[in-house]
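Start from the sequences and build out the full structure, keeping to the hints where you can.
Residue numbers (my numbering), protein chains in the order written: chain W, 1 to 294; chain G, 1 to 294; chain R, 1 to 294; chain V, 1 to 294.
Just so you know, these hints were derived from the structure itself, not from any lab.
Hints should not be assumed to be uniformly reliable.
Put simply, identical chains are the same to the list, so a pair is met inside one copy or across any two.
Stated by the list, open to error - SDA-like, lysine to any residue: derived pairs with alpha carbons at most 25 Å apart:
| no. | residue 1 | residue 2 |
| --- | --- | --- |
| 1 | Lys104 | Pro66 |
| 2 | Lys22 | Ile11 |
| 3 | Lys104 | Asp70 |
| 4 | Lys201 | Gly124 |
| 5 | Lys201 | Ala142 |
| 6 | Lys201 | Ala107 |
| 7 | Lys201 | Ala100 |
| 8 | Lys201 | Glu141 |
| 9 | Lys3 | Ala23 |
| 10 | Lys239 | Gly252 |
| 11 | Lys201 | Gly242 |
| 12 | Lys112 | Arg86 |
| 13 | Lys239 | Asn227 |
| 14 | Lys201 | Gln291 |
| 15 | Lys235 | Glu250 |
| 16 | Lys229 | Gln291 |
| 17 | Lys239 | Arg103 |
Protein chains: 4
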Amino acid sequence: MNKIGFIGLGIMGAPMAENLIKAGFAVVVNNRSRPAMERLAAHGAATAITPAEVAAVCDTVITMLPDSPDVEAVVLGEGGVAWAMRPGHLYIDMSTIAAATARKVAATLAEKGVEALDAPVSGGEVGAINATLSIMVGGTEAAFARALPIFRALGQNIIHIGPAGAGQIAKSCNQITCAVTLQGVAEALVLAEKAGVDPAKVRQALLGGLAASRILELHGQRMLDRNYKPGFKVKLHRKDLGIALNTGREFGAPLMTSSLVAELMDALMAMGQAEADHSALAWLGRRLAGQADQ
Amino acid sequence: MNKIGFIGLGIMGAPMAENLIKAGFAVVVNNRSRPAMERLAAHGAATAITPAEVAAVCDTVITMLPDSPDVEAVVLGEGGVAWAMRPGHLYIDMSTIAAATARKVAATLAEKGVEALDAPVSGGEVGAINATLSIMVGGTEAAFARALPIFRALGQNIIHIGPAGAGQIAKSCNQITCAVTLQGVAEALVLAEKAGVDPAKVRQALLGGLAASRILELHGQRMLDRNYKPGFKVKLHRKDLGIALNTGREFGAPLMTSSLVAELMDALMAMGQAEADHSALAWLGRRLAGQADQ
Amino acid sequence: MNKIGFIGLGIMGAPMAENLIKAGFAVVVNNRSRPAMERLAAHGAATAITPAEVAAVCDTVITMLPDSPDVEAVVLGEGGVAWAMRPGHLYIDMSTIAAATARKVAATLAEKGVEALDAPVSGGEVGAINATLSIMVGGTEAAFARALPIFRALGQNIIHIGPAGAGQIAKSCNQITCAVTLQGVAEALVLAEKAGVDPAKVRQALLGGLAASRILELHGQRMLDRNYKPGFKVKLHRKDLGIALNTGREFGAPLMTSSLVAELMDALMAMGQAEADHSALAWLGRRLAGQADQ
Amino acid sequence: MNKIGFIGLGIMGAPMAENLIKAGFAVVVNNRSRPAMERLAAHGAATAITPAEVAAVCDTVITMLPDSPDVEAVVLGEGGVAWAMRPGHLYIDMSTIAAATARKVAATLAEKGVEALDAPVSGGEVGAINATLSIMVGGTEAAFARALPIFRALGQNIIHIGPAGAGQIAKSCNQITCAVTLQGVAEALVLAEKAGVDPAKVRQALLGGLAASRILELHGQRMLDRNYKPGFKVKLHRKDLGIALNTGREFGAPLMTSSLVAELMDALMAMGQAEADHSALAWLGRRLAGQADQ
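As structure tokens, this is what we get:
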């Protein structure tokens, strides 16, 4: 058989499925709406009407879905993937969801002899298109080894973090770090502006020292340019922070500044910026500083 | 004349003065306590008993002092530098102090025909020893050009940010960004630990993506190693945050997460970690997560 | 028929059911474990094995359960209350749960012609025992009027807030206000202590002015006495804050300080104080101030 | 002699001086601008051109000034009160200033045999006019006893907190508690509004339980009415919070939520609400929730 099923052809999933095809894999796709399936079919993918139908003809199934309930529905729901997968098959979820859900899915599939990996990514749309995603993987060593050729067609920085759920934990750590760093950079650049100093020079100076970060480099520039075209949307980062905060609560790890940034993102969304790039924390920062940011 | 006066031979100032001597400058040093002066004398420096005496024999005077009141006292106080400097001379303060104080000092010296630069640094003791400091400079273009040969003997990333005080504003931005990023990294790594995931693998995964930062690299490793030997002490970073928060208040730039990290540093200090490296925010994070961190 | 079913005989539910009996109502009780049922039987209650069995013999059913999933299970689950309730019956949930769940339950029951109220309480175990609870009610005016005689047997400050879910929204507002006020009082009293001033005199002074609150009066005294015997447990207040934060996120109302206090409560729980009274925020405050609080 | 000097005839000071006259004291007033002095002269006060002149003819001198530097200047500066006061005289500062400044003033005056009290007030303009201020007093028992008849002409809740500076510490505790409670109430009421629930009913319900506070009663109503006419101005409360935060830092008492509210007040001021009543925290809360609040 040796086919790969790919369910969820959104902004991330579509280019990822395309990269699998380019790498020579036989791919069967499924998506809630048809047009995305048709675009992939034009690139050589087979299509299937339901998740179960995908699972019936593939020994590896990948999902790339919005949130935990979507994964639960597609995998464990009626007509779901779990129903059709067979012993020895491999399930890989690359969505960003709760670690608890990832562990539950893995446990349910294990009862059927199906191996499961949680393998959330970072790198955004650009990383998905260029196959330069970072992939954080949770699951057994054997399943990881088996999936590695697939991951290599999708990304570059591929790390086996630990057992089931560990990939999602790492992703939560990633989203926390990014969110808090974004806010720190926003506070710094807005301070420079309000104090009458050229924030571009401040960014340049900071990039030469301990304050240097990818976010200062990329999103710092966005903040200077007031370029809030996503990129990674506020509402999606907020969703991921919600998962991270719940994980922190579950495991007893207080997240003092992360929770504050989550509330600032709620403010951004309430103020109409849900679809903006997450660098829009500077947009909010300028508002709070009495500036219009236009 | 063409001598450089250097006042303040602490952990930063002593190696900086030594680097000026190595670069071929004639240096006259002054320090509150004698032993530091004697060590520099052994490297070829002349010594002077008071700041004013330094200023009497040098056409350029550098200060590297703990805080705003120290600079005010040494420059504007009785027997201070301002008293002895003459028209056409150059004063460079490389301490981290309030921008308001930097502007006041510059204005007072300007009345005497003395040019002034505020030129705080980042890069810590290692940067001071290796002459790899970042230097953020506020003052006139002319004064900056005149000081550049001196700065090149001390650091590498030398940026003229803007007029008097602008160097200190940039330094505040730097200290904010570092503090908030440190806390973000600490929250992420403690979350990984408490969730039963190897934080070293999480750090490695995050370094490959958007979460990458010098602080994740350097201080992230320190946090994993529980290596809180400074480095940059909590109490000094807290002092700098105090300056930044006052600057934010003065200019109407709210600093939501920065102020929270300042309070967390107050907690660290109250809990006996004032002399620890600022990566000890992870020490506090582990305590708040119910772990002993030893 | 005219019997009242009461499901959930915990610390709050048991005395509430007892007060209904004392007021002359015929009460049928159900609880997950038997001993609590037997204690109520000794006071004159009938008992039922399942929630559905309660609903089969009562025209009014009250639930007092720990959290949203419990209410969903007991009402909408297999063998649940909804299955057995008949048109014209009245369902009252007095648990503190998500407003979204309250609305969902109300909508489901409405399809069966059953009226529903969400009627969470405040006032704690003492209020439950003394029938002095505050009751915040969501639902129709007619259902509220019908339930009023029951509420009067349980509490004193009974307010019809609005339509289905409104009672839970009010309860979230209550738990936010209490949590933030508690933390404000804790910060003030710990500051007084660390500054070497008698916190009892500070509390007394503050009670005479704008800072006066029930929490300063009651919990302020607890904080001074280091009396953290519950009262209202940290873990329960944290659960309620979790509901409130989700509600804020759902409706786009950022909760800046509430979220911070939620994280502080997570710290308290991680540090072993989950079962302490919520005034233990001062315990954490003293720790963060470097004091042992014993 | 037995005259009372009163320096500082602002919104608070003017009615306080008037109340002393009404109570039968002989009062000599001084103020930076003349019109306020003339108004008091019309009520029977004598006037003096400088603080020192006040001190020369009075055995008790009261100051009511904006901030620490004002008190330092008026008492310790050239032509200041300290210069003219004589052994056995009494100095009472009723301003809200740093405890450190209060202790410094007391120590300096003690060297001249002059007793000093720090006696900040709460209760606002209404309390000043109606002589119902709360007065928190630091200093010796003897000085407190001596000043009591004066305090009784000005307020009602008069408490001797402890030694020099203790009054100011208590005032900081008061301002912290009020600020944090205000923000908690604002978050609750904005949540109710955004969730479609009548915030007036929520306030009414909360007043009946543990969430009850003077601030929920008075400022909660203001928030509902969008009545931000001061009252107590945001910029003044922010000034007092600045003092409290510095005190917390000095004594090692982290102020997690207080510092956050201080930043929110900075946002309010940057957004043009510096002169609004401090209940305008709800104005900011509504903005952050995407509402215009007009």
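Structure-based check of all given hints:
1. Lys104 - Pro66: both (17 Å within a copy, 23 Å between copies)
2. Lys22 - Ile11: within (18 Å within a copy, 57 Å between copies)
3. Lys104 - Asp70: both (14 Å within a copy, 20 Å between copies)
4. Lys201 - Gly124: between (28 Å within a copy, 21 Å between copies)
5. Lys201 - Ala142: between (50 Å within a copy, 18 Å between copies)
6. Lys201 - Ala107: between (52 Å within a copy, 23 Å between copies)
7. Lys201 - Ala100: Classified as between: cross-chain Cα gap 20 Å, same-chain 44 Å, threshold 25 Å.
8. Lys201 - Glu141: Answer is between; shortest inter-copy Cα gap is 14 Å, intra-copy 47 Å.
9. Lys3 - Ala23: within (13 Å within a copy, 67 Å between copies)
10. Lys239 - Gly252: Classified as both: same-chain Cα gap 20 Å, cross-chain 13 Å, threshold 25 Å.
11. Lys201 - Gly242: Classified as between: cross-chain Cα gap 23 Å, same-chain 35 Å, threshold 25 Å.
12. Lys112 - Arg86: within (7 Å within a copy, 42 Å between copies)
13. Lys239 - Asn227: within (22 Å within a copy, 34 Å between copies)
14. Lys201 - Gln291: within (20 Å within a copy, 35 Å between copies)
15. Lys235 - Glu250: both (23 Å within a copy, 12 Å between copies)
16. Lys229 - Gln291: both (20 Å within a copy, 24 Å between copies)
17. Lys239 - Arg103: Both: 19 Å inside a copy, 23 Å across copies.
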